[in-house]
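J.: Letter by letter, the chains look like this.
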Amino acid sequence: MIRMRVAAAVLGMLVLWCLTGLSGARRPGLVIYSSVGASPAVASAFTRETGIPATVVVMSTGGLLARVSAEAHHPRWDVLWFEGDGGAAALDRSGLLARGLTPDLDWTPVGRGLLPADGAYVVTSFTLAGVFLSRTGRGPASSPGPSDLSAVRVGMPNPALSGPAYPLLAGMMEQGGGWPAGQAVLRRMGAAGLLVAPSNPSVLLALRAGRIDVGLVQSSAAITLSRQDSRYAVRIPRPAIILPAVAAVAADRPADRRRVATGFLRFVMRPDIQAIRMHQSSHDHLFWPVTTAPAQPDLPDIATLRLIHPDPTTWGLRQAEVTTWFERTIVR
Amino acid sequence: MNRAPHPAGATRISMVGVSMGAIVIVLVLCFVYPLVRFLLLPLVPGWAPLTALGASQPAPGVSWQAVWNTVRLSAEAGLLVVPPGLAAGFLLERRRWAGNRLLGLTLWVVFLMPSYLLTMGWQILMAAPILRAGIADRLFYGEAGIVFLLTVKGLAFSAMTARAGWSTLGADMDAAFHVHVPSAARRLWLTLRLLMPVAGTIFMVQLVAASQDFGIAATLGAQAHMPLVIYAIYQDLSTVPVDFTHAAALSWDLVLLAVSALGVQAVLGRRSVATVSGRQRRYAPRPCGWGMRAMAWLLTGGIMLAGFAVPALALLAQGMTGEGAGHAVPAMDAEDWRSIGLSLRYAFVASVLAVLLAAVVLGGRLRPDGSGRLMSRLLVWLTVGNMAVPGVILGAAYVIGFNGAVLPLYGTATLLIMAYAASHLPIAIRFLDTPFARLHRSLGEAARVHGMSPLGRVEGIYAPLLLRALVWAWGMVFVTLFFELPLSQILYPAGAAPLGVRLLSLDDSLHYGAEARLALVAMAACLAVVGTATVLVPRLLVPRFLDPDGACEHPIARTAER
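For the protein sequence lines, the chains are A and B, in the order given. Residue numbers for the first sequence follow full-length UniProt numbering, beginning at 1 and rising by one. Residue numbers for the second sequence follow full-length UniProt numbering, beginning at 1 and rising by one.
Next comes chain A alone, as it looks inside the complex (with noise of 0.2 Å):
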C-alpha cells in the first residue's frame, strides 16, 4: 500500500513536473510570429536596446497565414512578420490588422509604392518572387519571360504549400494578361512538363539532381546557390515580380501591447537595423531596402531593374481561385 501511494506522489510529481515546463515559466513579452530569417537577430536588439522580452516564433508563411487565421480575433502575437503583401492585405480585409501604422521615413519611389492606403502593415524591404535559376550554359536566353520557358524543363514551388510562390504565380498570370487569360502561359509550361515542388528548397534539389533545367525561385535563394557554387548561374526576368515583406500588429491585441509593437516595427525600420539584417551570414541579408539609407551593396542597382508589382487586394481575393485551380489543372 505504501509502494502504492508512492509511486501516485511520484507519478503526479511528474506530470506536474512536465506540465509546468510545457505552460511556460518564462514571460513571452512581446510576440512575433515571423518568417523572415532575420527576425530573432532584429528581435534580440530590440530586447538589448528597451529591456522588453520578445519571443519570435519562425515558422513558413503558410504556415504563419493559416495559424494566424486560425487564431483569428484571439490572436497569441503581437506582431507579424512575413513575405507577400496579397496575404497582409486579405488579413487586412478581415480586421486582424492595426491600422495608420505607416511611420514617415525617407522611402525610396519602389518602397511608397509598396505601401498600403490604410497603414495596415509596414513594407520593411523586398525580393524578387522568381529568378531563373539554371547550370551555366543551359538556362534561357538572357532575361527571357514565360512564354520563353516552354523549350526547357522549369520547376517552381507550390503556391498552396509555399508561401512567396502566390506572388509569382500571380505576377505570371499578370504579365500573361490578367485573370483568367494568364491561364494560357501556365497550361503551356504544364504541357512542357513544368515541375511543381513543395517549397524553393526542393526546387533546388531537383535542379541539382538534373531533373528540372530551370528553377524558378526567390532571389535570394538563388544568388545564395550561384555565389557557394559557380556552376549555377542567375538570370533575372524582365520584368521581374517584387516581393515584399511586411510587417503588422495584432487589432485585437490591448492598447499597451500594440504601442510595444508598433514601437518595433519602427525599431526594425531604423537605418541601423537594416544595417544588422544585411549582415546576416544566410541568404536573408540579400533583399532591396525600402528606405534611402542604408544602400544594398550586395546586390543589383535597383535601377537596372524593371520591376512589377501585382496589386496584392486585386491577386489577394482571388488566391483561392486561382491556386485551387493551379492544384487542379498544373499540379495535378
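Mixed in with the good hints, there may be bad ones.
Just the calculated beta-carbon pair ranges, DEER-fashion [what the hints assert, rightly or not]: (1) LEU313(B) <-> THR329(A): 37 to 43 Å; (2) ARG438(B) <-> LEU16(A): 29 to 35 Å; (3) ARG138(B) <-> HIS74(A): 43 to 49 Å; (4) ASP333(B) <-> VAL6(A): 34 to 40 Å; (5) TRP17(A) <-> ASP333(B): 22 to 28 Å; (6) TRP17(A) <-> LEU105(B): 30 to 36 Å; (7) PRO129(B) <-> ALA9(A): 55 to 61 Å; (8) ILE130(B) <-> ALA293(A): 53 to 59 Å; (9) PRO271(A) <-> GLN65(B): 47 to 53 Å; (10) ASP137(B) <-> GLY21(A): 17 to 23 Å; (11) ASP137(B) <-> ALA184(A): 30 to 36 Å.
Part of the chain B face toward chain A, derived, beta carbon under 10 Å [claimed, not checked]: (12) ALA164; (13) HIS225; (14) ARG345; (15) ALA496.
Partner residues are not named here, just some residues of chain B that face chain A (Cβ under 10 Å, in silico) [as the list claims (entries may be wrong)]: (16) GLN65; (17) VAL179; (18) ALA249; (19) THR414; (20) GLY495.
Hints were generated in silico from the structure; no laboratory data involved. Note that CB positions come from ideal geometry on N, CA and C, so glycine has one too.
Got chain A sorted already, so can you dock chain B onto it with the hints?
T.: Positioned in the frame of chain A, the structure of chain B alone reads:
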C-alpha cells in the same frame, strides 16, 4: 440475495453519480462539443474563426478527385492486406514453428512504427542514385507506392484479426471437415468460406484505417501529387487559402466512409458469431512441413523488411552519411533536441491521462453492486465510436471548439495534451478492456465484506492486479503519441513544435540526413523511456505473490474464490 443497506448509502450513490457525471462532462467536452461544432460548419459557416482567408467566393465544392483517390487506394490496400493477414494469423494460431514469436514481435513493431517514418525510410531508399528516375522510383511515387505502404501498415491489425478468426474456427470444426469432407481442396474451400466474414472485417477496417492515414498522405501522397481527402482537409486548415468550412465538408466524406464501413463490419461480425460458436475446443497448433516453414519465414522476413528493417536501415544510413538538400547541417541542432524534450513531456502527460481515464471508465464495471456497468458500457461505446474520427478531423474540431471567448485554448499546450489524451482514449480502453473484464466482481465484494474502503480496494486489489496491463497500455499510448503527427501539426503551440512536426518540416525541405538522425535519436529516447517504465514499474510495485500473468494468489482473491 438481499443486500444490507450501506451505512453511508446516500453519500456513496451521490459520489458514484458525481464521478460518472464528471466523466460524462469530460467526454462531452473532448468529443461531442468540438466534433458537432466542426461538422456542422457547412450548415453554419459563421462558426468558423475566419471565413475563407484569401477567398473572394465560396470555397469550391468537395474535391471528387480526392474522394475517388481515397476510396480507390484504401480499397486496394484493403484487398491486398487480406491474404498475408490470413496467412500470418494462420501461422500464429495454428502452426508451431521456430519463428512464431518473431512473427508476433514483428507485427507489433510494424503496428507501432509511425507511418510517416515508414514512408520517410522508403523515400530515402528511393532517393539512392541507382533507383532515382527508374521504374521503381516512378512506381513508388504513384498509386503503387502509396498502396504498398498502406498495405504494410495494415498488416499488423489484419494478422491480429485473422488470428482471432482462425481461433473461433476451433478444433471441432476442423475434425468435422476431416471426417465428412475427403477432398483437401474442398476442405480448404469450406474453411475459406467460413473465414469470409473475417476477411470482410479485415477489408473494412483496413479501408477505414487507410482512408484515415495521415502520415503516408502527408509525405508520399503530397510529393506524388496524389490528392487524398485526409491531406486535403489538412491543407484547408493549414495552407492559404484557409477554409474551415470546406475542411468540414470534406470531413463528412471520411466520417461517412468510416461509419458505413464499420457498420458493414459490425454486420459481418454478427454473422461470424452466428456461423461459428465461440464455445468450441481450441485448435492445438501443429508443426509445419518444410514447404510451409519456408513460406512462413518468407512472410515474416517480408513483413520485417518492408515494415521495419528497410526504412530503419535507410534512416540509419542516411543519418550517418548524407544530407538530401545538399547543405551541411549540424548532427542535431537545438531545435531537434527541444522537439524530443517537448514530445517526451506532451506524450507522457497525455498517455497518463488517457490510461487513467480509461481505467476510470472501465472501473465502473467493478463496483460491487454493479451500478456503474450500464454507464461504463455507454462510455466505452462513445469513445470507441470516436475511432471513426481521424486525428486531423479531431484537430480541426478543436480549433473551432476552443478558439472562442469562452474556452480560448487554441495554441496552448493544454489543448494539445487534451487532444492527445482524447484521441488515444479509445485505444487505451480497447487495450484494457480484457484485463478489466478478467477481474471478477466478487473480489470487490469480498473486500467490502472484510471492511475495506474503496480507496483501499483500489490500492490493495485492483492496482496490483492491473498494474502490468496499465503500464503496457501506457507504453503503447506513449509510443504512438511520442511520434503523433496530425493533431500535432494542427494544434501545436507556436514555438513549441513536437517531434512529428519537426520531422515533417525536415522532410518537406528534403533534409533527409538531419531528419534521419533526429528520427533515430528519438526512437532510442522513446525506447529507453518505455523500456525503463515497463520493466521497472511492475518489478517495484507488483507484489511477489502475483505471478507474471496477473493470476491471483492474493489473500482477498482466495477469500472471494471460496
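J.: Checking hints one by one. Is ARG345(B) an interface residue toward chain A, by the C-beta closer than 10 Å rule?
T.: 4 Å, holds
J.: Is the distance from the Cβ of ASP137(B) to the Cβ of ALA184(A) consistent with 30 to 36 Å?
T.: The hinted range 30 to 36 Å holds for ASP137(B) and ALA184(A), with Cβ atoms some 32 Å apart.
J.: Okay, PRO129(B) versus ALA9(A) on CB: inside 55 to 61 Å?
T.: Holds - the Cβ-Cβ distance for PRO129(B) and ALA9(A), about 57 Å, lies within 55 to 61 Å.
J.: Would you check whether HIS225(B) satisfies its interface hint, that is, whether its CB is within less than 10 Å of any CB in chain A?
T.: 5 Å, holds
J.: With chain A as the partner, please determine if ALA164(B) meets the hint condition of a C-beta pair closer than 10 Å.
T.: 33 Å, violated
J.: When the nearest CB of chain A is found for VAL179(B), is that gap smaller than 10 Å?
T.: 55 Å, violated
J.: Given a hint of 37 to 43 Å, does the C-beta separation of LEU313(B) and THR329(A) actually sit inside it?
T.: 40 Å, holds
J.: Holds or violated: THR414(B) as interface residue toward chain A, Cβ cutoff 10 Å?
T.: With a closest approach of 8 Å, the THR414(B) hint holds.
J.: Regarding ILE130(B) and ALA293(A), is the given constraint of 53 to 59 Å on their beta-carbon distance met?
T.: 55 Å, holds
J.: Given the range 34 to 40 Å, decide if the beta-carbon distance of ASP333(B) to VAL6(A) lies inside it.
T.: Distance hint for ASP333(B), VAL6(A) holds at roughly 39 Å.
J.: Could you check if ALA249(B) really has its C-beta closer than 10 Å to a C-beta on chain A?
T.: For ALA249(B), the interface hint is violated, since the closest Cβ of chain A sits about 14 Å away, which is over 10 Å.
J.: Does the hinted range 17 to 23 Å hold for ASP137(B) and GLY21(A) at CB?
T.: 43 Å, violated
The structure fails to meet hints 10, 12, 17, 18 from the earlier list, while all remaining hints are met.
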